[in-house]
Structures are given as C-alpha cells and as structure tokens.
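Engineer: All chains should be built: construct the whole structure from the sequences, respecting the hints.
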Amino acid sequence: MSKATLRTFIAYVEDLPGVLNRVTSLFRRRNYNIVSLTVGRTERPGVSRMTVVLEADEDNARRIEANLYKLVNVLFVEDTTTTATMVRELALVKVRADPSNRGEVMRLCDVFRARVVDVGPEALVAEITGAGDKIDGLVDVLRPFGILEMVRTGAVAMVRSSEVTESGIPRSSTPPSATTPPTSPTTPPGVIKAA
Amino acid sequence: MSQDGKRTGAEILWDVLHREGVDIVFGYPGGAIMPAYDAMLASKVKHVLVRHEQGAAHMADGYARASGRVGVCVATSGPGATNLVTGIATAMLDSIPMVCVTGQVASQFIGSDAFQETDITGVTLPITKHNYLVTRVEDIAPMLRQAFYVARSGRPGPVLVDITKDAQQASAPFVWDDSPVRLPGYRPEHGIRPEDVKTAAEMIDAAERPILFCGHGIIASGASQLLREFVEKTGIPVASTLLGLGGFPATHPLNLGMMGMHGEAWVNQAIQEADLIIALGMRFDDRVTGKLATYAKHAKKIHCELDPAEINKNVRVDLPIVGDVAETLGALLPAVARRDRRLWVQAITGMKGDSAVRDIQTMPHSGRLFAAHVMHDLWRITEGKALVVTDVGQHQMWEAQYYKHDFPRKLITSGGLGTMGFALPAAIGAKFACPQEEVWVIVGDGGFQMTAAELSTCAQEGLKVNVAVINNGYLGMVRQWQQFFYGGRYAATPLRSPDFVKLAEAHGLLGLRVTEREQIADAVAKARAYKETVVIDFRVEQEDSVYPMVAAGADLHDMIRRPSPIVETAADE
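So the sequences go chain by chain: A and B. 26 is the number of the first residue of the first sequence in our numbering; add one for each residue after it. 4 is the number of the first residue of the second sequence in our numbering; add one for each residue after it.
Simulated from the structure, these hints should not be mistaken for laboratory data. What you were told as hints is all true, and nothing was included just to trick you.
Partial chain B-side listing against chain A, Cβ under 7 angstroms, derived:
| # | residue |
| --- | --- |
| 1 | L128 |
| 2 | P129 |
| 3 | H133 |
| 4 | L186 |
| 5 | P187 |
| 6 | Y189 |
| 7 | P311 |
| 8 | A312 |
| 9 | N315 |
C-beta: ideal position from N, C-alpha, C; glycine also.
Structural biologist: If you want it as structure tokens, here you go:
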C-alpha cells in the first residue's frame, strides 16, 4: 500500500441542481476527508468544474476516480497529482496595521506579491493569489501583527498549456484509472442537454 | 388522451412503464401519488397493493432477482417514500435493478415542510445508483427512460424517480422516443483488454492450486453455462459467495461450496492454501475474507469485475479485468489450457477431515428437530428445484449449507445489507415474476414478524407461496454471537411469538406445525398440495448454532467448529 499524499482532482460535472451534493456525499460516504473543494462554471454552458484536494494513497486515488465516474452527472475526472499543473488559491487577509507599522506590513505584502486592496485607520486588507504554501507563508509573517479575519477560496487547478487542447478537455484519452480499461471520454463534456 | 393530443403526467407515467416492459408494480397509494393511481386504472400494468411500502420495495427486488428484469415499486411522498428506504438500500448493496416511483408534494410547496413532504432524493442519494426529482410534466418520460436504462445497465442498482403532484396533473404532448438513452457522463460498459486475457490465461495455466470464486456477477450476467464449461476444461474447483450460490451447480463434483464466515471449513482452508484465485463477479466482502492481513496469502489474484471501484478495495489483486463477467469468461475459455487438477481437488477433499461426522445430519437421531433437518428434507422433497427465498440470520446460513442449489436465480436472499423481513415480500415478488415456480420462504421467527403483514397481500392476490418459519424462540444469530462472544448473556434475544398457525388461519390461509423430524415430509407434502399460501411453524432446537464459523475479523482458516461427540472423546478435542 503506497503512502497517502495530498492529491488534486479535476472533475467536470453537469451543471444541474444537486450535483455538488452528489459529489460531496460520495466523499463523505466513502470516508475521504476533503481538504478543499472549489466549483465554478467553465467555458462551456452546462458544465461545471470542480477542483478537489484530498489525502489519498495510490489505490484510494484510483478508487476515488472510479467512484466519481459512477456518478451519472460526472463527465470527466483527472487526477492531476503527477501532471504539470498550476494550482492557485486566493486569500483575503485583514491584518491589524496602524500608522506606526503600516509601512512594514505593506512591505511584507510586497515580498509575497500580495496586493493591499483596502486600508483603514487600524487595519488593512491584503489580497494574495498563489499556491497554498505561499499563502501560508504570508499568513505566518502577518500573524504577529494580529490577523483579524481571513478567507481562503481553496485551490483551483489547471493542467499546463502543453497538456491540453483549446477546449480545455485533455487531449489524450486517458483511461479513467490505471486499473480500468479505457471507456475513454470520447464524448466531450460540451454537448449536454440538461435533463 | 385529451382532444388536443396532450396527456397528463400520470398517464405518461404508466405509458412509459408499459413501454419499458413493466407488467406489474408493487405499491401503496397516498396523497401525492393519487393522480398516478387514478390514471393507473386505465393502464395495462398490474398493481399489487402491499401492506407496508418496505414490502413494495422488497417485492420489486424479489421480482428483479427472480426474473432478471427491472422491478418497480410505487409509493407516495413523505412516509410512503421513507418506508421504501430499507428496501432500496437492500437492492443497492446487492446490485438489483429496480425503479422506485414516488409522489412528491406540488413543486411550489417543495422546501416548505408541507404535509407529507420529505426530501426523498436527498435521503436516498447514497443508497441509489441515481435518482431524479421531476417537477415538469415534459421531463417525466425522458427521466423515467433514463431511470430504467441506468437501473439495468452496467452494475445494476435501484433508481428513484420522485414526481411532484403538479407534474402528474399537468398535461403535455407525449411522443414516445425509443432512441438509445444518451447520458454523457454515464459509461456502464467496460471492454476487456486482450492483453489482460492473455496474462490471465498464462497465470491460470501455470497455477497448481487454483480456485474459482463464483459471485453474484455470474448470475447477473448469465454466465453460469460458461463457468461450467470453463471449470470442466480447466479442472479448477469452485467456491461460491452467498449470492453466487446456484451460479454453479452445487452437486457438480468440482463444486466446493460456500466460502466465508459460515462457509465450509475445507473451502476456507483451500482458499488459504491456493496459489491462484480467479474471482468472478464478487467484491471480497468482509464476510468472505475474514482478516485481510492473513487472507489467501499464497494466492495470486485475478479479479474479474464489472465495477472498477471494486478493484483493490478490500483485497489487493495482481490482475484486475474490468468488464462483464460473461464476456471475460467467454474470452478466457478458448485461451486456457485443458488440464487435469485431480491432485489439488484430492488435497481439498483431504481437508474435509472430520467435517462429515460433525455434521448435524450424520449425528445420531435424538428425537429433536434441528433447522438443518428442515433444510435438508426440503431439498430432498423438492428435488432441489424450488425457488427459495430466505430472510437473514441462522436459517439463512443453514439454507445456504443444506439446500443444494443447482440453478441460478433459485436462491434469493439479502446478502450485503442483511435485511430481516426481506423474505416474505421478496418471495411474493419472485412468485409474480415466475408463477410456475414452487416458491419457498425460509424465515426465522424474528424476521417473519417484521413483514408478516404481507400474508394479507398473499391472501388478497390469491398468491401461493410456502412459508417455512424456522421458529427457535430467539433472534438466533444474535443469540449465537452472545453465546460465543458475550459470555452467554442473552440481551433482548429471547422472543415470544404469536401462534403462527392461527396467524395463517386469521388470514384465511393454511397453518401447520412441525415439532419432530418425522412430521416434516407430511407437512411439506400438505403445503405443496394446498392451492394458497401456507405457513409451517417449524419448532426447532432453540439454542443450536451455525457451524462452522469464522469470528468477525478472525483468520479465514480459524473456524469455530461444531462440537462433536466423537471428537470430544478424542485426544485433540
């Protein structure tokens, strides 16, 4: 049994009521703990895209993929853990900063390429985009000043340009899992008639 | 049909059911499904009124298991729908194709906690293969068609279609669309890979101590004949799961019997010593494997299974072949070498040891009635040809051990969920599916009382099933565990029951009582000759246990054996 690591899955799903519930219910039922999950629209009407980060070993990853495919509304699943992938998260951090240390806080934000998007007499709000560890880094250095409030979106992921076609659907007909013969996603998720 | 060519949603519902090949549904009316019931009167589909919606779900399930077709049940919103839940979960765990139609409050009331409103699609989300909430009349036909397609294709399972009352009442033009259902995200079929077949054949040819596992998939995919040809070519013995019983003839010389917690000791022993396991349409359930760390350590494993999510779930396998089991066997059959494996089969026979002398059947007659006697005699009298529907517990295991099933779809039992109360309603469904079959219900005194009200359904329908109540005055399997693992403290297992003979008579049916082995044949003959449902109250030994037994989580070869008077006097006890 291989070791459990953080894994990132991208799932294209039909944009229908209850589909998010079906996906999260699957993870709950199969006892997988989600680290983060984001969902939003894609370039194609009727298709939503989820980025799911969770901890799993190789066997579990294959089974997660297979179980996701068992959901009728799931169109395509990709485990991007071993693919060249960009992962981004956005955070807004409200940190205590008065005139005496505002300059210092803003310099630290600069180092992390965070933008200061709002300033008040006692606090400012920094917006940062990047991989999770970069955001963790900013949070660590801001913590001594006093973090008043923080919101993070969770990760979104996209496979690098060299790996995809213009449609955003992977070019290769990657089998759903290493142990699964290809029922290759020949149907692009674009052509959906919402039921 | 109204003059403008439009049909109500309720009319469309029955039309689609009929066109999907449904000849019978099991259901119970109520407020939110009343438009559908009203339209039913004009439909060709027969309706069976149950006494509790759980019964409707089990009947649809039993109908599906006996016939291989999709079973259908109907219920109203709220409590009607929630009463289906146990039956749906039962069908889900045993991969039974079923469509459940429920009424829902009118769409404008959804979410308002209206009278008899329950979010049944939410409730059944984890226990259905898929489900639908239909709020528009135009969606009734396409969603029902999808439901039937999803239920019966791939690894089958239950699908629930929840239809709001206003969608049933509204009208829309109806044109039957019989083009293939297209669901962009649903890929039920998996083509097997030739290179996997080649590798499997090489592994099989090289194996000295191989065993085939016959699972439910053999029956579901209709692969029994292929399996038999495969066995006779390769000389490989067969062990079955509970749901696989009948997939391979029990009286075949290469049949070993059932594996697992209450499997035969030599079958489990053989699995532990095998060098190759070829698992066909099964999922290595914990009741089959015992402790995983010590399970079949010497065996390479080939797992032929339709559902990729089952691969490496419980047991790590060396070669998965994802696809229909019949297709896989069909490809493997010409690829494997004809071989004689007599030495291995003889070695397994050697493992039987003193099993025969421990068998209740061979113990000296004590005048007492054991459940095993009932199963064995019933098997003899019916010549092994009856369609037997069992409930869950001790009697279920005794049936599996002593009633030798030679044909598929002749044993119907709740395996995965282990649902008490399953047997009588499932048998009603099975009898409607196969009216020519001799149907026997084997049920404990506990499980029988969970759904005994369906006797009334038998009476109303004039349906003939034979009910053998294995009455030991306890919730026997739990009592057995209490005896073995809880210091004999019988917490809430002693059970006082009504007079089952009088209960049958109260329904206008025949009741018989058997207290000694000599009476079995006579009672069974009477029951078989009687034209309506018969209940036989078999008063069996109260504190008998199912042997052998692998304790939960114990090594598969570490079995609790039946105490034997012969062995007790021997040195090895």
